Amino acid sequence: MSVKHGLLALLQDGSKYGYQLRAEFESATGATWPLNIGQVYSTLARLDRDGLVEAVGATGDEDDDTRSRYRITDAGRAELHGWFDTPVARRDRPRDELAIKLALAVAVPGIDVRAIIQRQRTTTMRSLQELTTLKRNAAADDVSWLLVVESMIFAAEAEIRWLDHCEAMLVRVARKPAGGSTGTSDPAGLAGPDAIGAPR
Amino acid sequence: MTATAPSPHPAGTATGAYVDLRALTRTFGEGETAAHALRGVSLTIQAGELVAVMGPSGSGKSTLLTCAGGLDLPTSGAVLVGGVDITALSRSAVAELRRRRIGYVFQDLNLIPALTAVENVALPLELDGIRARTARRMAADALDETGIGKLAERFPDDMSGGQQQRVAIARAIVGDRRVLLADEPTGALDSETGDTVLRLLRDRCDSHGVAGMLVTHEARHAAWADRIVFLRDGVLVDESGPTPSIETLLDES
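Protein chains in written order, with my numbering: chain A, 1 to 200; chain B, 1 to 253.
Misleading hints may appear alongside valid ones.
What the hints assert, rightly or not - Short derived list, chain B residues pointing at chain A, Cβ under 8 angstroms:
(1) Arg199
(2) Ala219
(3) Arg220
(4) Ala223
(5) Trp224
(6) Ile228
Unchecked claim - Straight line, CA to CA, 25 angstroms or less: simulated DMTMM-like cross-link-like pairs of lysine to aspartate or glutamate:
(7) Lys150(B) / Asp141(A)
(8) Lys135(A) / Glu49(B)
(9) Lys150(B) / Asp203(B)
(10) Lys4(A) / Glu26(A)
(11) Lys150(B) / Asp108(B)
(12) Lys135(A) / Asp190(B)
(13) Lys135(A) / Glu145(B)
(14) Lys135(A) / Asp144(B)
(15) Lys135(A) / Asp226(B)
(16) Lys135(A) / Glu218(B)
(17) Lys176(A) / Asp233(B)
(18) Lys101(A) / Asp164(A)
(19) Lys135(A) / Asp203(B)
(20) Lys135(A) / Glu192(B)
(21) Lys135(A) / Glu184(B)
(22) Lys135(A) / Asp206(B)
Rather than coming from a laboratory, the hints here were simulated on the basis of the structure. Just so it is clear, the structure is predicted and the values come from calculations on it, not from any experiment. Heads up, the beta-carbon is just placed ideally off N, CA and C, and yes, glycines get one too.
Working from the sequences, and respecting the hints, build out all of it.
Here it is as structure tokens:
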């Protein structure tokens, strides 16, 4: 997703100033996605260029605010509905750094994979606790915010389950005798840093 | 193991913990076939604190909970509840402590189908010798607290799974319980209803100073706790966050 669609969505119910859009965006996503005002204005400029929004002059003579308000165009509305109607494909998301990190840790000799998994699980568990506290303290009718928090809770939960799975899998691999060799069987560095000097 | 003398200060031990589990071991069977469910677990829970015990199946987490609640005796170690070592008490004294001070919530609710919600909650009080009318009033209060006061006269079969679980929680908190022990209390409930159950447990600890232990294998449920401990193969692996030890896993031959 881009900020672009978020701003279009917020312009649905009327024209708004940039600073207003920023405040509403943060309130809807619970400030989990902080925007700076520069981002808002540069995005609005691009939307304007593409004909998805248009600037309208400041209303009321007593209002000396020279900045423009923006309103969504028909093309912008079509773009927005197209966005809402299209499911987010997994391949559109950024690559998972953690999966890559673990894959590399297993592939590169001498890395303590177990320690990486442990640290990650502890960190993710703490985030899950913090998110749960946010959920507990949220107002029951703040549905937008609760949706965002729940999304992060489910993601953290999935990551922990995945880490458990990785660890179990690595332990199973480590337990298998390595091709009848009498040396240590520790392809994934599971025995920890002590194993680095062990015969391979 | 030598028993600790009952403390004159029932509010807690020297460490301030209401529940103080010391070096618990629990072995089932003997000799080569013996199963070591707990291999020396120490854990404290303060009044007002909710501690989650996580771990895979067979890690000993349910055994830890039943020992903490006096439903099972450890093979060795001490279980201090409110400063009293319950491993040193007589069977009847433990039973009395269980009835009065400790509440249990299990995945399997054990509600009696022939009794209404309020009767189910009042039953343990009546068994404890409290007069029926008083017990009923206390039960009604507990049902109010779990948000189903209006369903007091319903039978369990006429309630949803979430409502039945609220009855079970009311039964666990009725009277002056100081310890709340929950073993996979969200069971088969959907996650939204499960949250409600966890919220109730959490609130009970926060607002009534109850010491709570929540056994679960689900990270999202454990996250409701103040502290999360992780058990693996009967050993407490980490107290601040779940960091299982591979040595423990590989230790078995």
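Exercise. Tell me, which hint numbers fail for this structure?
Worked result: none
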